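Undergrad: The numbers in UniProt numbering rise by one with no breaks, and the one at position 164 of the sequence shown is 164.
Check before you lean on any hint, since a few could be wrong.
Distance condition first, Cα-Cα at most 20 Å in a straight line; then the derived DMTMM-like pairs of lysine to aspartate or glutamate [what the hints assert, rightly or not]:
#1 K151 x E180
#2 K151 x D69
#3 K64 x D182
#4 K58 x E90
#5 K66 x E149
#6 K151 x E25
#7 K81 x E157
#8 K16 x D54
#9 K181 x D200
#10 K181 x E65
#11 K120 x D163
#12 K176 x D200
#13 K237 x D207
#14 K181 x D69
#15 K151 x E122
#16 K209 x E180
#17 K179 x D114
#18 K151 x E217
#19 K151 x D182
#20 K66 x E118
#21 K237 x E217
#22 K66 x E25
#23 K209 x D172
#24 K81 x D156
#25 K176 x D156
#26 K179 x D226
#27 K209 x D63
#28 K179 x D7
#29 K151 x D63
#30 K176 x E122
#31 K103 x E90
#32 K14 x D54
#33 K151 x D172
#34 K130 x D172
#35 K181 x E149
#36 K237 x D226
If you're looking for bench data, these hints aren't it; they were derived computationally from the structure. Everything numeric in this text was worked out from a predicted model, so none of it was measured.
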Amino acid sequence: MATLQIDSLSCAYKGKPVLNCVHAEFSSGRLTAILGRNGAGKTTLIRCIAGLHDYCGKVRLTDKEKVLDRSHIAYLPQLEKITSSLTAFETILLGLTKQLTWKVSQEQLQKVSDVIRELKLEALADTPVKSLSGGQKQLVFLAQAFVSEPKILLLDEPTSALDIRHQLVVMDTVAKYCKEKDAIALFVIHDLMLASRYSDSILFLHDGKVHALDRPENVLHSSVIDPIYQIESLIEKNSLGLTTLTPIRPL
1 MATLQIDSLS CAYKGKPVLN CVHAEFSSGR LTAILGRNGA GKTTLIRCIA
51 GLHDYCGKVR LTDKEKVLDR SHIAYLPQLE KITSSLTAFE TILLGLTKQL
101 TWKVSQEQLQ KVSDVIRELK LEALADTPVK SLSGGQKQLV FLAQAFVSEP
151 KILLLDEPTS ALDIRHQLVV MDTVAKYCKE KDAIALFVIH DLMLASRYSD
201 SILFLHDGKV HALDRPENVL HSSVIDPIYQ IESLIEKNSL GLTTLTPIRP
251 L
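Go ahead and model the full structure; you've got the sequences and the hints to work with.
TA: What follows is the structure, encoded as C-alpha cells:
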C-alpha cells in the first residue's frame with residue numbers, strides 16, 4: 001500500500017511565504033480534494049510534491065515500506081491553450097517519456113492503445129489535440145497521466161472551464177483509476193460540491209497552513225467554510241444525500 005507523507009513543508013514565492021509547516025499524510029486508493037481561497041497555496045503544494053517548486057521539509061512516498069522516487073508521480077497542470085499538432089495518440093505516448101528511447105517499443109504502443117480503449121478515446125486517437133473540445137483535451141491528458149500507471153496523481157483544477165457533463169466524466173475517470181490501481185489522488189478544486197461527491201478526504205488550506213484535513217462530512221460545515229471564504233453559507237444534504245452549498249452573502 002502506497003503512502004504519501006508531507007512533513008514540515010514550507011516554501012516561498014519571490015521571497016513571500018506561501019506554505020508554512022504543512023503536515024499531511026495520504027493513503028492509496030483514496031482521493032483528497034485540496035480547497036481554499038485564491039492564493040492559499042493549493043497549486044504550490046502539489047507542485048512541491050511533484051518536485052517542481054523548491055521547498056523546505058520532507059515529501060516521502062513509500063510502498064510497502066519501500067521508498068519510491070518521483071517517477072511514480074503524475075502531475076496534470078491546469079488546462080491551457082494547445083498549439084501543438086500532435087495527435088491524441090502521440091500526446092498520450094509522451095506520458096511514457098521517462099521510458100522512451102530512440103525507438104518506441106511494441107509494448108509501449110500497446111500501453112497507449114490500452115489506456116485509449118479504457119477511456120473510450122478510440123475515435124479521437126488520430127485527431128490533433130488542439131482541435132478537441134476542452135473536455136476531450138482533459139481526458140487525453142488524463143490518459144497521458146494514466147499510461148505510466150503512477151502511484152500518485154496530482155491534478156490542478158481538472159474540471160476548470162469544463163461543462164457539467166465533462167466535469168462528471170473527468171472525476172468519474174479519476175475516481176475509477178484511483179480505486180482500481182490503488183493510487184493516491186490529490187486534486188485542487190474550487191467546487192465544494194464536486195469535492196464532497198468525489199473525495200474521501202478534504203484538505204483546507206488557509207493562510208499557508210492546513211486548516212482542516214478530514215472526511216467531507218466532518219469539514220463541510222459553515223463553521224469551517226465561512227471563516228475561510230469570508231462568507232455566510234447554508235450547507236444542506238439534498239434528497240440524494242449529496243452536499244449542497246448556498247452562499248448567502250460575503251462577510
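Undergrad: Now tell me, hint by hint, if it's right for this structure.
TA: Hints versus structure:
1. Between K151 and E180 the CA atoms are separated by roughly 11 Å; this keeps the pair inside 20 Å, and the hint holds.
2. For the given pair, K151 sits about 10 Å from D69 by alpha-carbon distance, which is consistent with the 20 Å threshold.
3. With a C-alpha separation of about 13 Å, the suggested pair K64 and D182 falls inside the 20 Å cut-off, and the hint holds.
4. This hinted pair does not check out: K58 and E90 have alpha carbons roughly 35 Å apart, beyond 20 Å.
5. Restraint check for K66 and E149: the C-alpha separation of about 17 Å stays at or below 20 Å, so the hint holds.
6. Our distance criterion of 20 Å between C-alpha atoms is met by K151 and E25, whose separation comes to about 14 Å.
7. Between K81 and E157, the direct Cα distance comes to roughly 15 Å. Compliance with the 20 Å bound is thereby established for this hinted pair.
8. Between K16 and D54 the alpha-carbon distance is near 13 Å, which keeps this suggested pair within the 20 Å criterion.
9. For the proposed pair K181 and D200, the alpha carbon gap of about 16 Å is at most 20 Å, so the pair holds.
10. Among the hinted pairs, K181 with E65 is consistent with the structure: their alpha-carbon atoms are about 18 Å apart, no more than 20 Å.
11. As the CA atoms of K120 and D163 are separated by approximately 19 Å, the hinted pair is consistent with the 20 Å bound.
12. Only pairs whose Cα atoms come within 20 Å are accepted, and K176 paired with D200 is accepted, the gap being roughly 13 Å.
13. Restraint check: the Cα-Cα separation between K237 and D207 comes to about 29 Å, which exceeds 20 Å; the hinted pair is violated.
14. Restraint check for K181 and D69: the C-alpha separation of about 18 Å stays at or below 20 Å, so the hint holds.
15. A threshold of 20 Å between alpha carbons decides the hint, and for K151 with E122 the separation of about 25 Å lies outside it, so the pair is violated.
16. Distance check on the hinted pair: K209 and E180 sit about 32 Å apart at the alpha-carbon level, beyond 20 Å; violated.
17. Proximity of K179 to D114 is assessed by CA-CA distance (about 18 Å); at most 20 Å being required, the pair is judged to hold.
18. Distance hint between K151 and E217 is unfulfilled; the C-alpha atoms sit about 26 Å from each other, more than 20 Å.
19. Straight-line distance between C-alpha atoms of K151 and D182 comes to about 8 Å, which keeps the hinted pair within the 20 Å bound.
20. At roughly 29 Å between alpha-carbon atoms, K66 and E118 are farther apart than 20 Å, so this suggested pair is violated.
21. Taking the CA atoms of K237 and E217, the gap is near 10 Å; set against the 20 Å cutoff, the hint holds.
22. About 16 Å separates the Cα atoms of K66 and E25, which keeps this hinted pair within 20 Å; it holds.
23. For the proposed pair K209 and D172, the alpha carbon gap of about 29 Å is over 20 Å, so the pair is violated.
24. Distance check on the hinted pair: K81 and D156 sit about 15 Å apart at the alpha-carbon level, within 20 Å; holds.
25. Between K176 and D156 the CA atoms are separated by roughly 18 Å; this keeps the pair inside 20 Å, and the hint holds.
26. Taken as a hint, the K179 and D226 pair is broken in the structure, with Cα atoms around 32 Å apart against an allowance of 20 Å.
27. Taking the CA atoms of K209 and D63, the gap is about 27 Å. The hint is violated against a cut of 20 Å.
28. As the CA atoms of K179 and D7 are separated by approximately 25 Å, the hinted pair breaks the 20 Å bound.
29. Annotation: proposed proximity of K151 to D63 holds, straight-line Cα distance about 9 Å (limit 20 Å).
30. For a cut-off of 20 Å, the pair hint linking K176 to E122 stands: about 19 Å separates their Cα positions.
31. The suggested pairing of K103 with E90 holds, with an alpha-carbon distance near 14 Å, which does not exceed 20 Å.
32. Restraint check: the Cα-Cα separation between K14 and D54 comes to about 11 Å, which is no more than 20 Å; the hinted pair holds.
33. A distance of roughly 18 Å separates the Cα atoms of K151 and D172; the hinted pair therefore holds under the 20 Å criterion.
34. Using a Cα cut-off of 20 Å, the hinted pair K130 and D172 is violated, with the two alpha carbons roughly 24 Å apart.
35. Using a Cα cut-off of 20 Å, the hinted pair K181 and E149 holds, with the two alpha carbons roughly 8 Å apart.
36. A C-alpha spacing of about 17 Å is found between K237 and D226, which places the hinted pair at or below 20 Å, so the restraint holds.
When the structure is compared with the earlier hints, violations turn up for hints 4, 13, 15, 16, 18, 20, 23, 26, 27, 28, 34 and for no others.
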